[in-house]
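Chains as they are written, first to last, in the working numbering: chain A, 1 to 198; chain B, 1 to 235.
If you are wondering where the hints come from, they were derived from the structure by calculation, not from laboratory data. Heads up, a few of these hints could be off.
As the list claims (entries may be wrong) - SDA-like cross-link-like pairs, simulated, lysine to any residue; straight-line CA separation at most 25 angstroms:
| # | chain 1 | residue 1 | chain 2 | residue 2 |
| --- | --- | --- | --- | --- |
| 1 | B | Lys3 | A | Arg115 |
| 2 | B | Lys3 | A | Ala30 |
| 3 | A | Lys174 | B | Leu14 |
| 4 | B | Lys3 | A | Gly43 |
| 5 | B | Lys3 | A | Asp187 |
| 6 | B | Lys3 | A | Gly148 |
| 7 | A | Lys174 | B | Arg228 |
| 8 | A | Lys63 | B | Arg19 |
| 9 | B | Lys3 | A | Pro161 |
| 10 | B | Lys3 | A | Leu183 |
| 11 | B | Lys167 | B | Arg228 |
| 12 | B | Lys3 | A | Ala26 |
| 13 | A | Lys63 | B | Leu212 |
| 14 | A | Lys174 | B | Lys167 |
| 15 | B | Lys3 | A | Ala47 |
Unchecked claim - Sample of chain B residues at the chain A side, in silico, Cβ under 8 angstroms:
| # | residue |
| --- | --- |
| 16 | Glu10 |
| 17 | Thr13 |
| 18 | Ala48 |
| 19 | Ala165 |
| 20 | Ser202 |
| 21 | Leu212 |
| 22 | Arg222 |
| 23 | Ala223 |
The C-beta atom is built at its ideal place from N, Cα and C for all residues, glycine as well.
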Amino acid sequence: MSERKRAIDVGQGSKSTEHELHGTEALFRAHAGFVASFLRRLGVASADVDDLTQEVFVVAHRKGGFIAGAGQPKSWLAAIAVRVASTYRRTLKRRREDAGAQPDVEPSSNVDPARALEARRALQRVQQALDSLALEERATFVLFELEGWSCDAIAASFDIPVGTTYSRLHSARKRFAEAHARLEREDSAVIRLRLAGT
Amino acid sequence: MAKEPVRLIEDRTLRAALRSDVELASEEHQAYAARYDAAAKVAALQAALAGTLVASSAAAQLGWVAKTVLGVVGASALVLSGAGLHAAWQTREQHSTARPATLAAPTPARAPAPPSEHAAPVATEVASQNVSELRVGEPSARQRASASEARQLARIRALLQASAADKALRLAERGQRELGQSVLWQEREALAVLALFELGRSDDATARAHALLDRYPDSPFRAEIDQRLRLPHED
Chain A
1 MSERKRAIDV GQGSKSTEHE LHGTEALFRA HAGFVASFLR RLGVASADVD
51 DLTQEVFVVA HRKGGFIAGA GQPKSWLAAI AVRVASTYRR TLKRRREDAG
101 AQPDVEPSSN VDPARALEAR RALQRVQQAL DSLALEERAT FVLFELEGWS
151 CDAIAASFDI PVGTTYSRLH SARKRFAEAH ARLEREDSAV IRLRLAGT
Chain B
1 MAKEPVRLIE DRTLRAALRS DVELASEEHQ AYAARYDAAA KVAALQAALA
51 GTLVASSAAA QLGWVAKTVL GVVGASALVL SGAGLHAAWQ TREQHSTARP
101 ATLAAPTPAR APAPPSEHAA PVATEVASQN VSELRVGEPS ARQRASASEA
151 RQLARIRALL QASAADKALR LAERGQRELG QSVLWQEREA LAVLALFELG
201 RSDDATARAH ALLDRYPDSP FRAEIDQRLR LPHED
């Protein structure tokens, strides 16, 4: 069932009751972390992650909430998150407020400063390489490579043939690897220059 | 049927640097999701949901022309409309008190998004939904109660953070008595448990902690309460 059809069915057949509110809150408690992390990888700045995460669940609520049996809640939320991120990215592009901003992804633990710096740079390379992908490719890449989803699950989430998922993934990986190699070369060049200067 | 591709981190034909960077990113990605403090942000979500209910009602009253306009200009127009203004006030007011409320949250709980361009899809959805069953005009009693409950929770957290555990406990106990099994019961009980630990009332704290974790084994407070349970008792 398409998203729109499903939303219409839900809207006609249900009441906006306390039960729905509780349902959305339970969904939020269970999956807000996934949505927040996914949005961040889709290019949402850390400062906006909470707002956009909330927006995903508000949209989910407006659609009548998740219905058991209609796939997995994470799949459904991922599809909403991609649309919310898409609007956000267009808005950001217009505003140009974050133009040139570095992706603010941080390593989860800092033990040795040198290793932490290395880890931070590695995460930045990944985020910048992701920035080179179109949103659909990026979402597919993140769900497959970072979340560990199967191509079937991704296809079901976005209501597309699994062949299209393979195609998106193939294209995403190619672009990602090219961008990553370029960034790595740039990093190496910077390190060489620094060493030469000391 | 096509074969599932090999994941990058398992593909030995690729550069080791690429694989290790992706592996690190995957670990960091999962860790971020795990430590995201959803419980601390539930109050903000409630206010946003309450706001959209009221805003939806306003859209229904404004009719088709207004809906079209709302779809174009987005959430800001909703907020400028009468009932929307009330909803926005309620939302802001609720979050200004809910915000200080983090106990070891990775990022501070943030106020709901102010009306912005990227909120437009929600407004469009709001305007296009079947809103006949939504309440019209004033916020409902439940919405007002939710706001009040969220404010109380924020106050309890603030008291705990200010080392006023006795006051925090009194307020939490009052909330449990007066509100019973409400939406934020779990959060209030967890804060009461933490306050009891702070006050050195370890027996009470331990008993209520176990009861809470039995009922909510996946509680976002689990790690913090488990940690307190492992510490030596002070009484």
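Here is how each hint holds up against the structure:
no.: 1; hint: B:Lys3 x A:Arg115; in the structure: violated (37 angstroms)
no.: 2; hint: B:Lys3 x A:Ala30; in the structure: violated (32 angstroms)
no.: 3; hint: A:Lys174 x B:Leu14; in the structure: holds (11 angstroms)
no.: 4; hint: B:Lys3 x A:Gly43; in the structure: violated (30 angstroms)
no.: 5; hint: B:Lys3 x A:Asp187; in the structure: violated (35 angstroms)
no.: 6; hint: B:Lys3 x A:Gly148; in the structure: holds (15 angstroms)
no.: 7; hint: A:Lys174 x B:Arg228; in the structure: violated (48 angstroms)
no.: 8; hint: A:Lys63 x B:Arg19; in the structure: violated (39 angstroms)
no.: 9; hint: B:Lys3 x A:Pro161; in the structure: holds (14 angstroms)
no.: 10; hint: B:Lys3 x A:Leu183; in the structure: violated (31 angstroms)
no.: 11; hint: B:Lys167 x B:Arg228; in the structure: holds (20 angstroms)
no.: 12; hint: B:Lys3 x A:Ala26; in the structure: violated (36 angstroms)
no.: 13; hint: A:Lys63 x B:Leu212; in the structure: violated (32 angstroms)
no.: 14; hint: A:Lys174 x B:Lys167; in the structure: violated (59 angstroms)
no.: 15; hint: B:Lys3 x A:Ala47; in the structure: violated (39 angstroms)
no.: 16; hint: Glu10; in the structure: violated (10 angstroms)
no.: 17; hint: Thr13; in the structure: violated (11 angstroms)
no.: 18; hint: Ala48; in the structure: holds (5 angstroms)
no.: 19; hint: Ala165; in the structure: violated (25 angstroms)
no.: 20; hint: Ser202; in the structure: violated (28 angstroms)
no.: 21; hint: Leu212; in the structure: violated (15 angstroms)
no.: 22; hint: Arg222; in the structure: violated (12 angstroms)
no.: 23; hint: Ala223; in the structure: violated (13 angstroms)
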